[in-house]
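*Asks:* Sequence:
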Amino acid sequence: MSSPTCVATEVITTRQKSVGYAYREKPVSPADSGWRFLSGSESEQYMDQPSHYVTCVLADFVREHPEVAPLLAHPVGSAFARTKAGGSFEAVPE
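For reference, each letter of the sequence shown is one residue, going 375 to 468 in the working numbering.
Watch out, some of these pointers could steer you wrong.
As the list claims (entries may be wrong) - Under the rule of at most 20 Å between Cα atoms (straight-line distance), these lysine to any residue pairs were calculated in the SDA-like manner:
1) 458 <-> 378
2) 458 <-> 390
3) 458 <-> 433
4) 391 <-> 416
5) 391 <-> 437
6) 458 <-> 417
7) 458 <-> 395
Claimed, not checked - Estimated spans, in silico, between C-beta atoms of each pair:
8) 460 <-> 403: 28 to 34 Å
9) 425 <-> 460: 26 to 32 Å
10) 417 <-> 377: 17 to 23 Å
11) 433 <-> 402: 28 to 34 Å
12) 444 <-> 400: 20 to 26 Å
13) 377 <-> 422: 25 to 31 Å
14) 459 <-> 376: 32 to 38 Å
15) 429 <-> 468: 16 to 22 Å
16) 425 <-> 448: 26 to 32 Å
17) 459 <-> 404: 33 to 39 Å
18) 399 <-> 423: 28 to 34 Å
19) 390 <-> 424: 18 to 24 Å
20) 438 <-> 403: 19 to 25 Å
21) 419 <-> 376: 15 to 21 Å
If you are wondering where the hints come from, they were derived from the structure by calculation, not from laboratory data. These figures come from a predicted structure and were not determined experimentally. C-beta atoms are modelled at their ideal positions from N, C-alpha and C, and glycine is treated no differently.
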């Protein structure tokens, strides 16, 4: 079985921005964890470009962004946002 994956915007994966918003949706494949990670500053125009999304191995992503580890046990439909840069995540409506 392959390692679980997640999807993150490329501003997080290549520009080293912090995760500001995380949500879990129904997985689209057997390997997909359903987790999606965004900086929270992406524009609608940016989000409309499929090339701005990167599929990552979830364990590798968590190693680089350990602050998201406590969120992973939450079910599909969960969403979290940081209240301030570097702050903790709080549950928000998806």
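*Asks:* Does each hint fit the structure? Answer for all of them.
*Replies:* Verification of the supplied hints:
With a C-alpha separation of about 29 Å, the suggested pairing of residue 458 with residue 378 is violated against the 20 Å cut-off. Taking the CA atoms of residue 458 and residue 390, the gap is about 17 Å. The hint holds against a cut of 20 Å. Under the criterion of a C-alpha separation no larger than 20 Å, the hint pairing residue 458 with residue 433 is inconsistent with the structure, at around 25 Å. Proposed proximity of residue 391 and residue 416 is supported: the alpha carbons are some 11 Å apart, at most 20 Å.
Restraint check for residue 391 and residue 437: satisfied, since their Cα atoms lie roughly 15 Å apart, inside the 20 Å limit. Distance restraint check for residue 458 and residue 417: the Cα-Cα separation of roughly 18 Å lies within the 20 Å cut-off, and the hinted pair is therefore satisfied. Distance check on the hinted pair: residue 458 and residue 395 sit about 11 Å apart at the alpha-carbon level, within 20 Å; holds. Between residue 460 and residue 403 the C-beta distance comes to about 33 Å, which sits within the given range of 28 to 34 Å.
Roughly 29 Å separates the CB atoms of residue 425 and residue 460, a value that falls within the hinted 26 to 32 Å. Checked against the hint of 17 to 23 Å, the C-beta distance between residue 417 and residue 377 comes to roughly 31 Å, which is inconsistent with it. Range check, residue 433 to residue 402: about 19 Å between beta-carbon atoms, so the 28 to 34 Å window is missed. Our hint of 20 to 26 Å for residue 444 and residue 400 holds, since their Cβ atoms are close to 21 Å apart.
In this structure the hint that residue 377 and residue 422 lie 25 to 31 Å apart at CB holds, the actual value being about 29 Å. At about 34 Å, the CB distance of residue 459 to residue 376 agrees with the hint of 32 to 38 Å. Our hint of 16 to 22 Å for residue 429 and residue 468 holds, since their Cβ atoms are close to 20 Å apart. Under the hint 26 to 32 Å, the C-beta atoms of residue 425 and residue 448, about 28 Å apart, fit the expected range.
Range check, residue 459 to residue 404: about 35 Å between beta-carbon atoms, so the 33 to 39 Å window is met. The hinted window of 28 to 34 Å between residue 399 and residue 423 is violated, with their beta carbons roughly 19 Å apart. The given range of 18 to 24 Å is respected by residue 390 and residue 424, whose C-beta atoms sit roughly 21 Å from each other. Between residue 438 and residue 403 the Cβ separation comes to about 22 Å, which falls inside the hinted range of 19 to 25 Å.
Distance hint check: the CB atoms of residue 419 and residue 376 are about 33 Å apart, inconsistent with the given range 15 to 21 Å.
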